[in-house]
Amino acid sequence: MTALGDLLGSHVVRTVLTGAALLGALSGMLGAFAVLRRQSLLGDALSHAALPGVCLGFLIAGGRDLGAILAGAFFTGALAALAMMLIVRRTTLKTDAALGIVLSVFFAVGVVMLTHVQAQGGAASAGLGSFLFGQAAAILQSDLWIMGGVGLAALLLTLAFWKEFKLVSFDADFARAQGLPVLALEAALTVMVALAIVVGLQLAGVVLMVALLIAPAAAARQWTGGLGAMVALSAAIGATSGAAGALVSAATRGLATGPVVVLIATAAVVFSLLLAPGRGVIWRARAARRARARIGDGRILTALQGFADAHRDAGYRSEQGMLEAALGVPPPAGRLAALARRGLIRPVAHPPETTPHWELTEAGRAEAAAVSGEDATAREAPR
Amino acid sequence: MIAAFFDSIPAMIVLTGVLVGASAALLGSFLVLRGAAMLTDAISHAIVFGVIVVWLLTRQTAGPVQVLGAAAAGVLTVALSELLARSRLVKMDAAIGLVFPALFSAGVLLISLHARDVHIDADTVLLGEIGFVWLDTVSLFGLRVPVAVATLGVVLAVNLGFALALWKELKLATFDPGLAAALGFFPGALHYAVLALTSVTAVAAFDAVGAVLFIAFAIAPPATAYLLTQRLWLMVTLAVALSAAACVAGYALAWRWNVSIGGMMASMTGVWFALALLFAPRQGLVAQALRSRGRRLDNDCRVLLAHLSTHQGAPEMPEENTLRALVDHLGWSEPRARAAILRAHDRALVERRDGLLTLRKKGVAEVESLLGRGAAAGL
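Each protein sequence line maps, in turn, to chains A and B. The opening position of the first sequence corresponds to residue 1 in this note's numbering, with each subsequent residue numbered one higher. The opening position of the second sequence corresponds to residue 1 in this note's numbering, with each subsequent residue numbered one higher.
Excised from the complex, chain A in its bound form:
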């Protein structure tokens, strides 16, 4: 505990933590829009395409100057987005091929430039490798201002165009019919995603940046259906993963931050996919089991009612074997007991027979009528 306290007390670590949380929140917020607009893999292509820009910025500035590196990364990212658009619009190649080409070729050019810089740069170029996998420990205090500025700008822009972004994300055709400049809004969202990628490179690196965009948003989506809540939650998950990843990476010497952050964010996704109320896998399995039980109970009740009707005896005592014949399977003992507990049926004896018999109670008859009424309407208007 004291070790953790020492770690948190250190000025450097505080800087790194703040930066990591800031970057995580930013990519979480903008990633929500990318995921909703099914542009997750565009993020992958743009982040790989940032590598030549990082080297370009380094070459122009002659050293590790964050401003120049970010500008370079943003420039080649934009170039990649334009190339994507050109390929998809002007040829018959599909989007996935365009994404793959842009991603791999830009990255390859980046690798060439990286080796070029490293061949002539010596010690000064050592920091460049950290952009591949991310190295939160390399975040300087002066970097925080740039990150904070970009984050604030993105936040203000998102708030200012909230309604428009929402409409474009969910129903672009309707937005166009309403006279909104859809192309400009989509471009603005793509530019903001590119910005998030560019500033996030220090945390996650070009290869894994895509996960930092997608994972928080995919996790947040499971918990809520509202855009506002989703964006906020996504930002929170991103910030938490970023900070936790930076902490782990700082505590263990030499572990790259990117993979740690990605694994933490992925854990959040797995947790959400399994447990989120309403959508989660476990939740849905329980709901399905409950629905199956309800339908099974309804069939038992209506079968008993059927026997009573056939014998014109409301208090007819049905033998359990008759139920089995009517349902096609032996009625589960647990369900019979549960129905008896709810006071809908009761076990009765029918001497001289020794097999178990069942009889509908008053409440059971009402329930059976309700169930068959429900069934009747369901039959008239199938969903």
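Calculated directly from the structure, the hints in this document are not laboratory data. All the given hints hold, so there is nothing to weed out.
Straight line, CA to CA, 20 Å or less: simulated SDA-like cross-link-like pairs of lysine to any residue:
| id | chain 1 | residue 1 | chain 2 | residue 2 |
| --- | --- | --- | --- | --- |
| 1 | B | K168 | B | L234 |
| 2 | A | K94 | B | L278 |
| 3 | B | K91 | A | R37 |
| 4 | A | K94 | B | G35 |
| 5 | B | K91 | A | G225 |
| 6 | A | K94 | B | D176 |
| 7 | B | K91 | A | A276 |
| 8 | B | K91 | A | G226 |
| 9 | A | K94 | B | T229 |
| 10 | B | K91 | A | L275 |
| 11 | B | K91 | A | G280 |
| 12 | A | K94 | B | Q283 |
| 13 | A | K163 | A | A232 |
| 14 | A | K94 | B | R282 |
| 15 | B | K362 | B | A306 |
| 16 | B | K91 | A | L274 |
| 17 | A | K94 | B | P177 |
| 18 | A | K94 | B | R34 |
| 19 | B | K91 | A | V270 |
| 20 | B | K91 | A | L227 |
| 21 | B | K361 | B | R347 |
| 22 | A | K166 | A | G226 |
| 23 | B | K362 | B | D346 |
| 24 | B | K91 | A | A172 |
| 25 | A | K163 | A | L183 |
| 26 | A | K94 | B | L285 |
| 27 | A | K94 | B | F175 |
Here the structure of chain A is known, so what remains is to put chain B in place on it, guided by the hints.
Only chain B this time, still in chain A's reference frame:
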């Protein structure tokens, strides 16, 4: 002489590249046509996890166990992504983007935790070390052949055998999966077979070009060939040839500029694609621009003919059937009007008679075919 070839370092490096490029482009063609190119991205990242796990379990860095075991991780990624997408909790693109980074991260972390001293470290995972493939050799038929070359040679042979043996089935399953399924072939199984072979190829190529550059070889050459031809066999052949050419050119340039060999080879596939994008005979941007320019000119020409036929023989003819009228009345720029007149003149549709533009016989016929017989009846 053969021994000298296998002892030459540059020859081995280029040969490795060519083998990687040919194997990847062969399979990549079917993936690009199917619209599943980004699965290569997922597979080639995920095998990092497979490579390190198999190494931790068996301590083998090469051989069939290693290749097949690591390739399983690639297929696993695709299967997991599809499972996740089918649960409808996330969309397919997000599912891909969730699964492979997770496996890749786990792989990278395992490498930095357990395998620092081995030949794999985090940077070679991404980029490969094609420059050092000749260090690790194996003896085959009395020749010292690099292990990478031997492995990739076998992989290429398997891929080639697969493609040739199942050519018809692959073609059908790629272009019309519905019909393939109806005819009793298994398009899903074939698709997975292609993906499994892609994984195997990615693993075999891993030491040479790493996780990311492999994608360039698998996607860019087939996409380039796709822009150049509409025949499948020609597309696959071209893709393989372009891939091989990229390796040769890339090595030469990398040697000259002293930069990453694998990176330069992959960059060259991008250069081929850019050239095809610009200059492909049918789909290229230049050809498209020329075509649309030609169409615009033809259209202007038709407007010109209609204009002339309206006024020909009428009292206002001296004013209307001139270049000036096209500029002043139709609002055309002067070069545009001149180009249209020149075009009509070249096609013997109009002539200049007494300084006025006049329809010739062929021009009258063209107007009639355009506007109907009545329109030119006054002539």
